[in-house]
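Enquirer: What follows is the residue order along each chain.
2 protein chains.
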Amino acid sequence: MNRPFNFSAGPAAIPEEVLQQAAAEMLDWHGCGMGVMEMSHRGKEFISIYETAEADVRELLAIPAHFKILFMQGGGIAENAIVPMNLSRAGVVDFVVTGSWSQKSFKEAAKYAQPHLAASGKDSGFTRPVAPKDWQLSSNPAYVHICSNETIDGVEFHELPDLRALGCDAPLVIDFSSHVASRPVDWSRVGLAFGGAQKNIGPAGLTIVVVREDLLGHALPITPSAFDFKTVADNHSMFNTPPTWGIYMAGLTFQWLKRQREGELTGIAAMEQRNIAKAQRFYDYVDGSQLYVNAIDPAWRSRMNIPFQLRDASRNEAFLAGAKAAGLLQLKGHKSVGGMRASLYNAMPMAGVQALIAFMQEFERTSA
Amino acid sequence: MNRPFNFSAGPAAIPEEVLQQAAAEMLDWHGCGMGVMEMSHRGKEFISIYETAEADVRELLAIPAHFKILFMQGGGIAENAIVPMNLSRAGVVDFVVTGSWSQKSFKEAAKYAQPHLAASGKDSGFTRPVAPKDWQLSSNPAYVHICSNETIDGVEFHELPDLRALGCDAPLVIDFSSHVASRPVDWSRVGLAFGGAQKNIGPAGLTIVVVREDLLGHALPITPSAFDFKTVADNHSMFNTPPTWGIYMAGLTFQWLKRQREGELTGIAAMEQRNIAKAQRFYDYVDGSQLYVNAIDPAWRSRMNIPFQLRDASRNEAFLAGAKAAGLLQLKGHKSVGGMRASLYNAMPMAGVQALIAFMQEFERTSA
Numbered sequence: 001m002n003r004p005f006n007f008s009a010g011p012a013a014i015p016e017e018v019l020q021q022a023a024a025e026m027l028d029w030h031g032c033g034m035g036v037m038e039m040s041h042r043g044k045e046f047i048s049i050y051e052t053a054e055a056d057v058r059e060l061l062a063i064p065a066h067f068k069i070l071f072m073q074g075g076g077i078a079e080n081a082i083v084p085m086n087l088s089r090a091g092v093v094d095f096v097v098t099g100s101w102s103q104k105s106f107k108e109a110a111k112y113a114q115p116h117l118a119a120s121g122k123d124s125g126f127t128r129p130v131a132p133k134d135w136q137l138s139s140n141p142a143y144v145h146i147c148s149n150e151t152i153d154g155v156e157f158h159e160l161p162d163l164r165a166l167g168c169d170a171p172l173v174i175d176f177s178s179h180v181a182s183r184p185v186d187w188s189r190v191g192l193a194f195g196g197a198q199k200n201i202g203p204a205g206l207t208i209v210v211v212r213e214d215l216l217g218h219a220l221p222i223t224p225s226a227f228d229f230k231t232v233a234d235n236h237s238m239f240n241t242p243p244t245w246g247i248y249m250a251g252l253t254f255q256w257l258k259r260q261r262e263g264e265l266t267g268i269a270a271m272e273q274r275n276i277a278k279a280q281r282f283y284d285y286v287d288g289s290q291l292y293v294n295a296i297d298p299a300w301r302s303r304m305n306i307p308f309q310l311r312d313a314s315r316n317e318a319f320l321a322g323a324k325a326a327g328l329l330q331l332k333g334h335k336s337v338g339g340m341r342a343s344l345y346n347a348m349p350m351a352g353v354q355a356l357i358a359f360m361q362e363f364e365r366t367s368a
Numbered sequence: 001m002n003r004p005f006n007f008s009a010g011p012a013a014i015p016e017e018v019l020q021q022a023a024a025e026m027l028d029w030h031g032c033g034m035g036v037m038e039m040s041h042r043g044k045e046f047i048s049i050y051e052t053a054e055a056d057v058r059e060l061l062a063i064p065a066h067f068k069i070l071f072m073q074g075g076g077i078a079e080n081a082i083v084p085m086n087l088s089r090a091g092v093v094d095f096v097v098t099g100s101w102s103q104k105s106f107k108e109a110a111k112y113a114q115p116h117l118a119a120s121g122k123d124s125g126f127t128r129p130v131a132p133k134d135w136q137l138s139s140n141p142a143y144v145h146i147c148s149n150e151t152i153d154g155v156e157f158h159e160l161p162d163l164r165a166l167g168c169d170a171p172l173v174i175d176f177s178s179h180v181a182s183r184p185v186d187w188s189r190v191g192l193a194f195g196g197a198q199k200n201i202g203p204a205g206l207t208i209v210v211v212r213e214d215l216l217g218h219a220l221p222i223t224p225s226a227f228d229f230k231t232v233a234d235n236h237s238m239f240n241t242p243p244t245w246g247i248y249m250a251g252l253t254f255q256w257l258k259r260q261r262e263g264e265l266t267g268i269a270a271m272e273q274r275n276i277a278k279a280q281r282f283y284d285y286v287d288g289s290q291l292y293v294n295a296i297d298p299a300w301r302s303r304m305n306i307p308f309q310l311r312d313a314s315r316n317e318a319f320l321a322g323a324k325a326a327g328l329l330q331l332k333g334h335k336s337v338g339g340m341r342a343s344l345y346n347a348m349p350m351a352g353v354q355a356l357i358a359f360m361q362e363f364e365r366t367s368a
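The listed protein sequences correspond, in order, to chains A and B. So the first sequence is numbered by our numbering: it starts at 1 and just counts up by one. So the second sequence is numbered by our numbering: it starts at 1 and just counts up by one.
Possibly wrong hints are sitting among the right ones.
If several chains are the same, the list does not tell them apart, and a pair holds so long as it fits within one copy or across any two.
[Unchecked claim] Mimicking SDA-like on lysine to any residue, the simulated pairs with C-alpha atoms at most 25 Å apart in a straight line are:
{"#": "1", "residue 1": "K104", "residue 2": "G338"}
{"#": "2", "residue 1": "K107", "residue 2": "I357"}
{"#": "3", "residue 1": "K44", "residue 2": "A313"}
{"#": "4", "residue 1": "K230", "residue 2": "L291"}
It is worth saying that the hints were derived from the structure and are not from the lab.
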């Protein structure tokens, strides 16, 4: 089966092997006579799915033992409230705004905490974040929030900030929704990471939270029990019925990730090498073209989400129609930025990038 | 394919036709080249799935136009916080406790409102709820909360209370998680209904909320934006990325429901007739047996969740092992009640009830 290449920013392409396995097991998981959606979350079948998924993601992302892994619901937007409910103690929280998603987080936190804008890339149209050395951190924030990859704006932290080196002892919170599992995470610099699954891990409706144990247990009294990290951790993500299908799909994706190889590299290291190569190839092409442009500071360009504009915006509709006809789907940019966006998540092979570039070359040639 | 009969209380059995369709469309929905999990929630493909699901459930449940239908996340336990956040205005809320689920709702509401216990069936071990005429309602509660079917305790409201007839003008909130779509709803008596999907509608991770429009817009300031009913309604359940797969599966289930026929009856009316017949058959058998007992007041017995005990509890493990060997799955009762529980949701055919009774008869005969 030759499927089109799907460049959606999320919900996004899922590896074909994963979808095929899910279809094959739909009515009967491992001979138990039930599909995964039909299992009690407290039965031994689902518990084994859950425990395998948790162990696999811990291994893949090298998550240290003193971090809890939570499977929750509500996505990044719900976490924009849930994180300050759990971590702020109603105090000062520093936000570094690098695009649409960190801006949303900053705004929502005002319901629960005293958000302080430590830096904003808004003056540059979010094409160039403020470097950590220039952040105006508070003297004693409850935590510092960044979005480590901005899905809409296409900027990515290629190194997580070292808050201690900046003279700040607060935990770092990262929203890693749109680049989770695309590269390793330096957990020594992180207090909490959260992400919706629907870009690189699985279907929408599953949220993964990785939180240092010492940060648990300080939720505001108005925190819903279902969203109190300590309650969730103490109940192994089963205080409320978890999104069982999402956890299963994420588990299949983790197993797929573990099978990936690039030379000597495996798992996330292999994926990172591929992701570097895919992004490099695409940016090189865009930078060398006359028709397309990506305005992001090269040091901050995202490997996952690449917004690009046609210099002649009147050609946008023709571009999208032609791309679709060529089997290249969901390339329309976010409405707040316009133009196009190619999301090159783990499930996008180099062949998809090559096909996109080939189409863009032909489109540029015939547009001239 | 002969699958076992799955009596899980939830996540629960899904109609085989629905699972087969989901498997067949897994890699390519309607020729678009993407699976449902891979689609942007803002693309025309998913929008059509969403709009069809919404229209179908409105038609099936005869939901009036002045009610909004919201597709959310977090299940009933999250709604135990989200409903008082949205509806209580931090005032008095009356709770009628008929079992485990309404007890949980009562407890969680204390974070946001002044919960008042209007009635409790605890003295009877939740075998016999307090009749509405004996409820001690407050003079002006923000709303009155009931759980219209208690999944664990096996009691069901066969008629929704008419609060106006009781001299109360407050809206009635019903947690209908475990009997939604099993029978019609008298919306003239309801202000808001909520339910997790994982019993009668689809997979875990999707919550359906049906709310009268005039109740929107009064959320407490600490309500997360993702859980503010007005924000959710104004954004057609897409303020945050919705659980797209859950909505798709619910939509397939709604279409399956629309295809059901019993004589002249279709849809929910047909399902109700079947559900009455299945429950009657099972209760009749239990009441006539020497080994099995159901302690619930017959006027309040649930059609969906039937807890039953073996008079000789030492036979419990043998019962469960024998049932599993006979292709009758997930019959173990909730740990707080013990014994057994047969959940007879829409997806359970009469043949499953007959098979269970046949096994129980044989087990009783050989246990004597």
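Enquirer: Just pull the numbers of the violated hints for me, sorted ascending.
Expert: Hints 2, 4 are the ones this structure does not satisfy, whereas the remaining hints hold.
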